[in-house]
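Read left to right, the sequence shown gives residues 3 to 168 (this note's numbering).
The hints are simulated quantities; they were obtained by calculation from the structure and are not laboratory data. A quick note: this is a predicted structure, and the numbers were derived from the prediction, not measured. For every residue, glycine included, the Cβ atom is placed at its ideal position computed from N, Cα and C. Some hints could be false.
[Unchecked claim] Ranges of calculated distance between the beta carbons of each label pair, as one might list FRET restraints:
(1) T41 - H124: 25 to 31 angstroms
(2) R84 - F115: 25 to 31 angstroms
(3) A117 - W141: 37 to 43 angstroms
(4) R79 - A117: 29 to 35 angstroms
(5) W91 - E32: 46 to 52 angstroms
(6) V145 - R60: 34 to 40 angstroms
[What the hints assert, rightly or not] Below, simulated DMTMM-like cross-link-like pairs (lysine to aspartate or glutamate); rule was C-alpha separation at most 25 angstroms, straight line:
(7) K28 - E150
(8) K125 - E93
(9) K125 - D135
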Amino acid sequence: MAAAGALAVKTLEFEGKQKGWFWFRKWDLEDMSSICWFTGIHVLAACAPFVFDRGAIRLCVGFALLSAFGMTLGYHRLLCHRSFKIPKWLEYFFVYCGAHAFQGMRAVVIHHFAALASYVSHKWGERPWNTSDTSTNKWWVAVLTLGEGWHNNHHAFPRSARHGLE
Numbered sequence: 003m004a005a006a007g008a009l010a011v012k013t014l015e016f017e018g019k020q021k022g023w024f025w026f027r028k029w030d031l032e033d034m035s036s037i038c039w040f041t042g043i044h045v046l047a048a049c050a051p052f053v054f055d056r057g058a059i060r061l062c063v064g065f066a067l068l069s070a071f072g073m074t075l076g077y078h079r080l081l082c083h084r085s086f087k088i089p090k091w092l093e094y095f096f097v098y099c100g101a102h103a104f105q106g107m108r109a110v111v112i113h114h115f116a117a118l119a120s121y122v123s124h125k126w127g128e129r130p131w132n133t134s135d136t137s138t139n140k141w142w143v144a145v146l147t148l149g150e151g152w153h154n155n156h157h158a159f160p161r162s163a164r165h166g167l168e
């Protein structure tokens with residue numbers, strides 16, 4: 003429900019009826035495409051051990067080891083504890099390798115903030131634009147997520163480069 007005085011915005015993305023729950027409706031081409039895509043990815047992942055060649059397995063193991071050394075040597079021993087000194091180029095190399103592991107608090111926080119922005123901005127907040135969805139603006143979510151909390155603005159103007167129009 004739009005706030006009193008909200009400006010109506012016509013968008014192509016959200017016109018028409020919103021789909022109901024996935025299991026309790028007739029599936030369309032988009033649903034079938036998604037099912038095929040996600041099923042296919044998992045079937046291919048299950049087949050992967052049988053079609054890998056030794057070079058691919060060596061590459062995978064080598065990449066995993068580089069990531070592990072990057073986390074252990076680069077992030078933990080070098081950056082956290084300053085346990086040893088190495089040339090700057092080697093420090094950059096180990097930290098770069100550690101970044102491939104995608105571990106740590108930053109990755110967890112960024113992932114959760116993205117989910118927070120989507121969840122909160124479709125539940126509570128102000129609706130300055132009358133879009134045909136449930137998107138809202140929430141200023142404190144925008145502060146935490148570098149602008150993603152201006153979700154109603156984003157849904158009203160999906161191609162706009164600016165988050166906050168207010």
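Now the hints, each set against the structure:
1. T41 - H124: 25 to 31 angstroms: Given a distance of about 27 angstroms, which is inside 25 to 31 angstroms, the answer is holds.
2. R84 - F115: 25 to 31 angstroms: holds, 29 angstroms
3. A117 - W141: 37 to 43 angstroms: The hinted range 37 to 43 angstroms is violated for A117 and W141, with Cβ atoms some 19 angstroms apart.
4. R79 - A117: 29 to 35 angstroms: holds, 32 angstroms
5. W91 - E32: 46 to 52 angstroms: holds, 49 angstroms
6. V145 - R60: 34 to 40 angstroms: This hint is violated: roughly 46 angstroms between Cβ atoms.
7. K28 - E150: Not OK: K28 and E150 at ~33 angstroms, beyond 25 angstroms, violated.
8. K125 - E93: Since the Cα atoms of K125 and E93 sit roughly 45 angstroms apart, the hinted pair is violated (cutoff 25 angstroms).
9. K125 - D135: Answer holds: K125 to D135 is near 11 angstroms, not above 25 angstroms.
In summary, the numbered hints that this structure violates are 3, 6, 7, 8.
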